[in-house]
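**Student:** In case you want the letters, here they are:
There are 2 protein chains.
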Amino acid sequence: MSLVVVGTVAFDAIQTPFGKTDKIIGGAATYSGTAASYFTKNVKLVSVVGDDFPPAMIDQFRKSGMSTEGLQVKHGAKTFFWSGRYHEDMNTRDTLDTQLNVLLDFDPVIPDSYQDCEFLMLSNLMPQLQKKVIERMRTRPKLVVMDTMNFWMETQWDALMETIQLVDVLTVNDSEARLLTKEYSLVKAAQKILQMGPRYLIIKKGEHGALLFNKEQVFFAPALPLEDVFDPTGAGDTFAGGFIGHIAQTRDISFDNMKRAIIFGSAMASFCVEKFGLERMIGLTQAEIDERVQQFIDLVQFDIELV
Amino acid sequence: MSLVVVGTVAFDAIQTPFGKTDKIIGGAATYSGTAASYFTKNVKLVSVVGDDFPPAMIDQFRKSGMSTEGLQVKHGAKTFFWSGRYHEDMNTRDTLDTQLNVLLDFDPVIPDSYQDCEFLMLSNLMPQLQKKVIERMRTRPKLVVMDTMNFWMETQWDALMETIQLVDVLTVNDSEARLLTKEYSLVKAAQKILQMGPRYLIIKKGEHGALLFNKEQVFFAPALPLEDVFDPTGAGDTFAGGFIGHIAQTRDISFDNMKRAIIFGSAMASFCVEKFGLERMIGLTQAEIDERVQQFIDLVQFDIELV
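From first to last, the protein sequence lines are chains A and B.
Last residue of the first sequence? That's 1431 in this note's numbering, and every number before it is there in order.
Last residue of the second sequence? That's 1431 in this note's numbering, and every number before it is there in order.
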């Protein structure tokens, strides 16, 4: 049911070995919200843009099934801008430019119509703001999922720890899990992170898939082997959006359903990387998504009977 | 049924972040044969050692269920020796010393009792010798599996290509697949390698699992997330031994059975890395192996019904 997605809506300029873009629409909440909108039409966006942001894109968000009542448009201000260049292996990238613009004094407002939401996706954002959103919810959502990044680990440790304590599911990538714990082994890192507050941890390994941990169990989902990864931007956010979207659709927060949610998230991410930016994420059909999920089933399922 | 395993039997000296060993028993055929011996007691070893090799270890091979009639012991000569040091991440290593010794003029002899074997595992060895073994088989085995390494790609390209043409299943790691094809995408690399002769390709990705390809299908098996990888030496050979061992046991070379074989191979490899050298691979019980396979099932199985 109702899902609030908080995070950045941005302009990105991207260079990959396959080409480059001028300013295109990006941002963590854009990717997460768009992916989630394929699972539930009750996605409520909380973010901020400047008046340079195209109204047609806000219409597109609404058309995708997102409420934009919580999307603030700041007059006389510019939208957050990020520019990056991917290396040949597509697993690493350099940030070329970051202009925070409207993010500098972003104060997330939760409209009344967003209150009492069941699910909350805190996409990557300053941890203080993520915490503020949790505090501004009149009732605590059934499941709070939080994404973050290495930058906050390096610059906002205390605020990050305070926020992590409040969430149910944390998503980080493998190098961030190591940075957070000083453990190279992801199994050891996971155990430490699960001591920090979250009951569930997802470690995203890019082309190597994703791991879901709770204190007793672990589940692994591969990434789909693709001929080419065209542009990895937003893949992690898309994954998280598919994950929480499936959970919001089914309203089932069991570990078994989280496994399914990981597969749906992985399927959505496999679309995201096929083209620049959001291009492949607009106008997907249910048949395309089902076919992709079937590829995951075929990829990993095997049949062993132990006696 | 009968399985011939060809490759090196060696002394290794290993340094990892966890410790170092003096000369211990290693070698590709040692690991492959030992792993396979848990699945079929009809493993026939083809290799060569010097008279410095401990007879007690040859007895151990026999005790594990291997025939050593094809293991030549060269008097007045020394066993192949390799020494290496693993980096902190355990995924990369430096070779400190390689003394080919008896390998320099190794001429693999196939005893009569080894003829008409159904399955042939060509562990990593000079490609000319791997080819010679195939040619010396009076009847062509039902399935020939070949492992190789980057060194032969860099120094013995023509001989390698001639040998690859003759086998059914090739196993390489991800960087070797890229080296062999000049393709970064493993999907594209796999398609090119399947044009070189083999009907099946296994790409080993170490801690990131393994992929099985034929021209139409792909299957992925993860590696088990472990608290610590103590010593990765022999993990790839152990994987291959478990793979061909399961196939020899079941005599089923369908793609579905190869999937199961990949899981058994991955389970065996997950034991191998827990201690130095062969230490963990001696004296495993069926219950331990079953429990490990069950961990793989729990790790990757999920249940999605698409309508």
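Calculated from the structure, these hints are not laboratory results.
A few of these clues could be false.
Claimed, not checked - Lysine-lysine pairs mimicking DSBU-like chemistry, simulated, CA-CA at most 30 Å apart: (1) B:Lys-1187 <-> B:Lys-1399; (2) B:Lys-1165 <-> B:Lys-1256; (3) B:Lys-1329 <-> A:Lys-1312; (4) B:Lys-1312 <-> A:Lys-1144; (5) A:Lys-1383 <-> A:Lys-1165; (6) B:Lys-1339 <-> A:Lys-1316; (7) A:Lys-1316 <-> B:Lys-1312; (8) A:Lys-1165 <-> A:Lys-1266; (9) B:Lys-1187 <-> B:Lys-1202; (10) B:Lys-1306 <-> A:Lys-1329; (11) B:Lys-1339 <-> A:Lys-1329; (12) A:Lys-1339 <-> B:Lys-1255; (13) A:Lys-1266 <-> A:Lys-1202; (14) B:Lys-1165 <-> A:Lys-1399; (15) B:Lys-1165 <-> A:Lys-1306; (16) A:Lys-1306 <-> B:Lys-1144; (17) A:Lys-1329 <-> B:Lys-1399; (18) B:Lys-1255 <-> B:Lys-1202; (19) A:Lys-1147 <-> A:Lys-1202; (20) A:Lys-1306 <-> B:Lys-1383; (21) A:Lys-1329 <-> B:Lys-1329; (22) A:Lys-1147 <-> A:Lys-1198; (23) A:Lys-1399 <-> B:Lys-1202; (24) B:Lys-1144 <-> B:Lys-1187; (25) A:Lys-1399 <-> B:Lys-1147; (26) A:Lys-1383 <-> B:Lys-1312; (27) A:Lys-1312 <-> B:Lys-1399; (28) B:Lys-1383 <-> A:Lys-1329; (29) B:Lys-1306 <-> A:Lys-1144; (30) B:Lys-1202 <-> B:Lys-1312; (31) B:Lys-1266 <-> A:Lys-1399.
Unchecked claim - Quick look at which bits of chain B chain A covers, simulated, 3 or more residues with Cβ under 8 Å: (32) 1153-1166; (33) 1414-1423.
Said to hold, decoys possible - Here are the computed distance ranges between Cβ atoms for each label pair: (34) B:Phe-1142 <-> A:His-1211: 41 to 51 Å; (35) A:Gln-1410 <-> B:Asp-1240: 47 to 57 Å; (36) B:Lys-1266 <-> A:Asp-1218: 45 to 55 Å; (37) B:Ile-1148 <-> A:Gly-1143: 43 to 53 Å.
Even glycine gets a Cβ: it sits at the ideal position worked out from N, Cα and C.
**Student:** For this structure, which hints from the list above don't hold up?
**Tutor:** Per hint list: 6, 7, 12, 13, 14, 15, 20, 23, 25, 30, 31, 32, 34 violated.
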